[in-house]
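Chains A and B, in that order, are what the protein sequence lines are. So the first sequence is residues 1 to 768, counted in our numbering. So the second sequence is residues 1 to 768, counted in our numbering.
Don't read these hints as lab results, they were simulated from the structure. Bear in mind that the values here come from a model prediction, so they are computed numbers and not experimental data. Heads up, a few of these hints could be off.
Examples of chain A residues lying across from chain B (beta carbon under 8 Å, computed) [as the list claims (entries may be wrong)]:
{"id": "1", "residue": "SER252"}
{"id": "2", "residue": "TYR463"}
{"id": "3", "residue": "ASN481"}
{"id": "4", "residue": "ARG516"}
{"id": "5", "residue": "SER519"}
All C-beta atoms, glycine included, are put in the ideal place defined by N, C-alpha and C.
2 protein chains.
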Amino acid sequence: MIMKRIILLFVLMSGASLLFCQQRAQQANRTTKKVEDLSNYVNPFVGTQGDGNTYPGAVAPFGFVQLSPDTEIKDWEADSGYEYKDSTLYGFSMTHFSGTGCPDLGDFLFVPSVGHLKSQSGIKESPGSGYITRFSHNQEKASPGYYSVYLPEYKVTVELAATERAGILKFTFPKSDSANIMIDLTHVLQWKAIWSHLRIENRQLVTGFHLIHGWAKERYLYFAARFSAPFSACGIVNDGKPVLYNTYRFTSKYESAGTDIQFYARYNTDNQPIIMVKVGISAVSTTNALENLDTEIPGWNFDQVVANTRKKWNQELHKITIEGNREEKETFYTSLYHAFLAPSVYSDVNGEYRGFDQNIHSAKNFTDYTIFSLWDTYRAVHPLFNLIQADRNADMVKSLLAHYDQSVDHLLPIWSFYSNETWCMIGYHAVSVIADAYLKGIHNFDVQKAYQAMKTTAMNPDYDHVATFNKLGYVPCDLENESVSKTLEYAYDDYSIAQLAKALGKTTDYNYFIKRAMSYKNSFDPVTRFMRGKDSKGIWHTPFNPDDYQNSGDFTEATSWQYTWYVPQDVQGLINLMGGKKQFAAKLDSLFITPSKEVEDIHGIIGQYWHGNEPSQQIAYFFDYAGEPWKTQFWIHQIMKTQYGNRPNSLCGNDDCGQMSAWYLFNVLGFYPVCPVNDQYVIGSPCAKQATVVLSNGNKIEMKANNYSEQNIYIQSMTLNGKNWNKTYIPFKEIMNGGKIIYFMGPEPNMKWGTEQNSQPFSLSAKN
Amino acid sequence: MIMKRIILLFVLMSGASLLFCQQRAQQANRTTKKVEDLSNYVNPFVGTQGDGNTYPGAVAPFGFVQLSPDTEIKDWEADSGYEYKDSTLYGFSMTHFSGTGCPDLGDFLFVPSVGHLKSQSGIKESPGSGYITRFSHNQEKASPGYYSVYLPEYKVTVELAATERAGILKFTFPKSDSANIMIDLTHVLQWKAIWSHLRIENRQLVTGFHLIHGWAKERYLYFAARFSAPFSACGIVNDGKPVLYNTYRFTSKYESAGTDIQFYARYNTDNQPIIMVKVGISAVSTTNALENLDTEIPGWNFDQVVANTRKKWNQELHKITIEGNREEKETFYTSLYHAFLAPSVYSDVNGEYRGFDQNIHSAKNFTDYTIFSLWDTYRAVHPLFNLIQADRNADMVKSLLAHYDQSVDHLLPIWSFYSNETWCMIGYHAVSVIADAYLKGIHNFDVQKAYQAMKTTAMNPDYDHVATFNKLGYVPCDLENESVSKTLEYAYDDYSIAQLAKALGKTTDYNYFIKRAMSYKNSFDPVTRFMRGKDSKGIWHTPFNPDDYQNSGDFTEATSWQYTWYVPQDVQGLINLMGGKKQFAAKLDSLFITPSKEVEDIHGIIGQYWHGNEPSQQIAYFFDYAGEPWKTQFWIHQIMKTQYGNRPNSLCGNDDCGQMSAWYLFNVLGFYPVCPVNDQYVIGSPCAKQATVVLSNGNKIEMKANNYSEQNIYIQSMTLNGKNWNKTYIPFKEIMNGGKIIYFMGPEPNMKWGTEQNSQPFSLSAKN
């Protein structure tokens, strides 16, 4: 045991030293040559240019703190606050979304400067108009848990590191009698600080708070910031004016509250160029923020914080290892990194968290998580977690259930973060996440209660015409927006509930929900052979054009071309509706080659297949169901090759809290949870020569793709646990206790493999 | 023991029944004839007209909830929200100040109506412009813990009752299919709701919160309201618009947050005319508000709540009983009632409270109190509490110390409420309250810590030029506003610290602070024989006119005429400065007969003596020090007769959280704590034939004024505990274990009594 700890310590040392000191890194590498530092393959800039909406800053796995530079405040296209094309930045704030399609967060901006203090941000079009300042990617570095940048206007080097609930900023100043570190409490991405409060607790400690009205309507966040040296001067700016005593009535210069608050600390750096600030955050209180800070970063060893977090990352990154060239590895491990950012830890080190009712609760026997981008993440992120983050996923389920307990609407979360429901996107996919977790063997939660929450959610009398859906079998387009997408997704969600009902022996419920799961049929127009809006009298929505984005509002961020395929629980049923496999496959073919109208916000376009957004992401597998698995293999490789990579602009669409990345990870392995809640992974085509997955139960999946190359993308044959395997899916039970998957690849399709009867993945209609 | 409880139950029954049912009251009176229902003598309307700034609503002794009608929102002259002259009211809100000079509170307005719902308040100049509605004093009643009014426009009778942390509203509606009860979360007296949040937890429970930026810069209050019957309809109005689902993205109709929020419940009252709402409040959370509510008002028996609180009031009111006619008794018991309203309980039933640092703390072994109008209340309110509310005063001291612990400025409170410092008024009189408590035998707090807090406060480097005062011996008028008043009050406060230093054996500190206590001399101008501003170079402030209100800002709400006498710790020193007793007494004579310039806001004027504000309130006793105690006796009676009474307009100035009332109470007994922190009560002239004070230690002071009448106001002689007593003061030790004070009164002054050498009260200079 002790040996192991010593080795780990060396790993950790190596993590830090690689960044700071070539010599030390070499020493460390000598001692740890057998444990690969996978963080070396992570490029946090991937996705920061264009629509990926990731951030490059310092973060621990699933960390509440994402300490990162903000180059954008008001750009809806840079929801993480960072756009790689920018050459100016505002400062460094504590929290950021990874890959969302809506901006928010960006709490508590730390701004270094030298000389005259500017308390207003200015705008990027006009550098010098405020504290916004220039930077260049040439003088910028990022790796898991570490970020640095040089700010030439002030000659300041900024380095950032983070633990789960705290961050540390290291500023290396030039010699100056007025080196400033400002905290802007009003700064937030896109939205509005309703109220802020700041207290200068002593000459090295500041605490504060703000209430943000944003995408989350009412979001509270507290911080505590310790400075490595006593301020030579400090002050508060409230509404642009310094907080001063005016001799009429005393005003404390050590605290202030209002709608626009900044704090500044000033230093003489003639003899001490380095000033560090470590910052804890909490959604509960400044007391908890301070406790989080002092627990997670007790000292002032910046390198140690970097090393500790890098060590944590390496532990996480070792959960799937692959063989490949540098680009493949960078793409892969960066995807793994991005998949391990959200949901993020939300409860404090003492277990307290702010509930959805805005009361303070204590998380008993679990860690509360936040940022549930469920419309995205039920597809591949949580299925991935079921394999390699089982304990965290159990806590995430508990977090969903806590939210349900605190919901006045008696609903599981839709798209929730920081104790708020945004009501963003559609469906009630928490039911899929919960059922999926249970059915994949995660039983460390109260499943009866969870089932009740799922059922109550699906029976809600108010939410998005679920009640009408239940009555008519579809959501009518005259009563409800995005009616077709809602019908289709409700049907899938109900399939999820049915699966858990079945597992719990609730036969009546199973029959009820499995019937609802077939409701997708009611949206299929047999004439156009597309999913199409239908009004409450049963009349198809006219005009109808499958190319039209949202077609008069019937579809969610898509056209009928994409949504027509959203029947993961019953692809065979859809095949039947379309007149058989031939017609179905022909339509699938045309999907990938029919040009799309140009639509803003939609990227990753391959014909009418839009990989940049989630509604398309299961479609390429549907050739498996139609008996043409080589086409799945072809298109998977096309997508993998064209839509991913290791460059800032490599993500073709929002990473959506890891969904785009998790899609990639599964597809490297050669399979994907097309219908997450059932017990099958559908086989695509592997995109690495070899991979090892360390399951949460300790067992391993060993994947090997013999003869794999850029040309050899077609499965010739495969074995599963030593048996010849001709089915186009892998049952969960075959890999849950470890498994050996060997693909044999070639440059031409094997049109026999996977095409026999009964080799197709599960479909409700096929089963019946 | 059981017998006693039965009797108490009857008392309690009687309390309720007097109000509601003549027959039941008579029964109750028969069983409890020996225990007088002193609440009958309390008229909560006293002080509601003009400057008294009291409120007529329902409140328990020291209750956190003051459930009362609001007739004013924006009138700085009606700081309790109620002005007796008004004939319209907005509704009924949960919290109110009693007698302050600044408005705030008025949280969570409950508004009944019938028919079309109005969510905006309207203005009183234009009834019908909103929910504001007419009322008349003919159909209005108030008694301790109970208030009722009939609203003719809606034919609704409203009755209010309160416990410490909860209130109950009983609405008797006419038959209607649209009887409304609205809660306006935006309503607050004078100031601004920054943010509100409302949740409809179920069909009979609503919770909510608002953050107020007011006199308290950042004030959080939460509520939980249970309704006696399920709503037939309900809804939320946000920014004037109903909160509805719009089919684009779901919006919960059960919760909303924003800057302008109302909730309404609707009832059909055809068969249920009575709807009750019970409401708990908390500064911590809605969870705590609900716990407060359910603990204090578990059922739906409105009469029982009224009766329980009336019983509590009767217990409190029995602490001092007097003999007198109805008017005298009403004036007296109403004063006692007003003296027992503030500071008010702040911690929740579970002990949690919001600290001055805005973190949630747990009050260990004490109840946290709030609303410390210390500039007023250190004079007579806390001295009164030392005698008859010792346990509460100990908790108040602990509350002051908790505030100190949480203060970034390391200061005891100045004028604090609801976790905020207002910095209102001057001095640091918490030191007087703490020293006074300890020296009067209240030792149930950490006195060493308390002393440190007092000393640190008096040594603060930032607060109101205390540091300069310490250096120069006075506050210079060129550096600081209200410099003369501050000099004088700091000197008194330092005398307080010195007294505790002495008691704790801290001789060095005693010598230091007793020197500071003599600093008043530095503000005395020997030429004009007035206290006068002096600049940092020692030059007297010119022009100077002792009649000028605040004289260029040197005085606090006063002229030099009033402040010249603010030397309670050393009246003999002032006598010496003025050239001896003759000159001193002559100047005192002229104080009471020199006409004042007319000044807005100043009332209770007798010459230059302004009883309506605190700086004058010790002056009438100074004749005792000058050897002319009959003049004290004369003026005390003048003030008592002209400045107090039992009518709405009877209070000549702000009651200031009970200070005006406590002044009255002491003077009925014939003595007053001129210099609160020393061990003497200075004798005035009794204003009742007989009084009994039940001290907190269980002993009694029996006061008798033989031959007292409206004419017989002069003390001829007196005995103290059976001894002839010729001194014009009563030592604390003579009454702390009970005492018998017998005055012998007559129509003409006895110019010998109290005039011998050594019969004068303590003065620092006399002692030396």
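Results of checking the hints against the structure:
1. SER252: Result: holds, 5 Å to nearest chain B Cβ.
2. TYR463: 5 Å, holds
3. ASN481: 5 Å, holds
4. ARG516: With Cβ-Cβ at 19 Å, over 8 Å, it is violated.
5. SER519: 19 Å, violated
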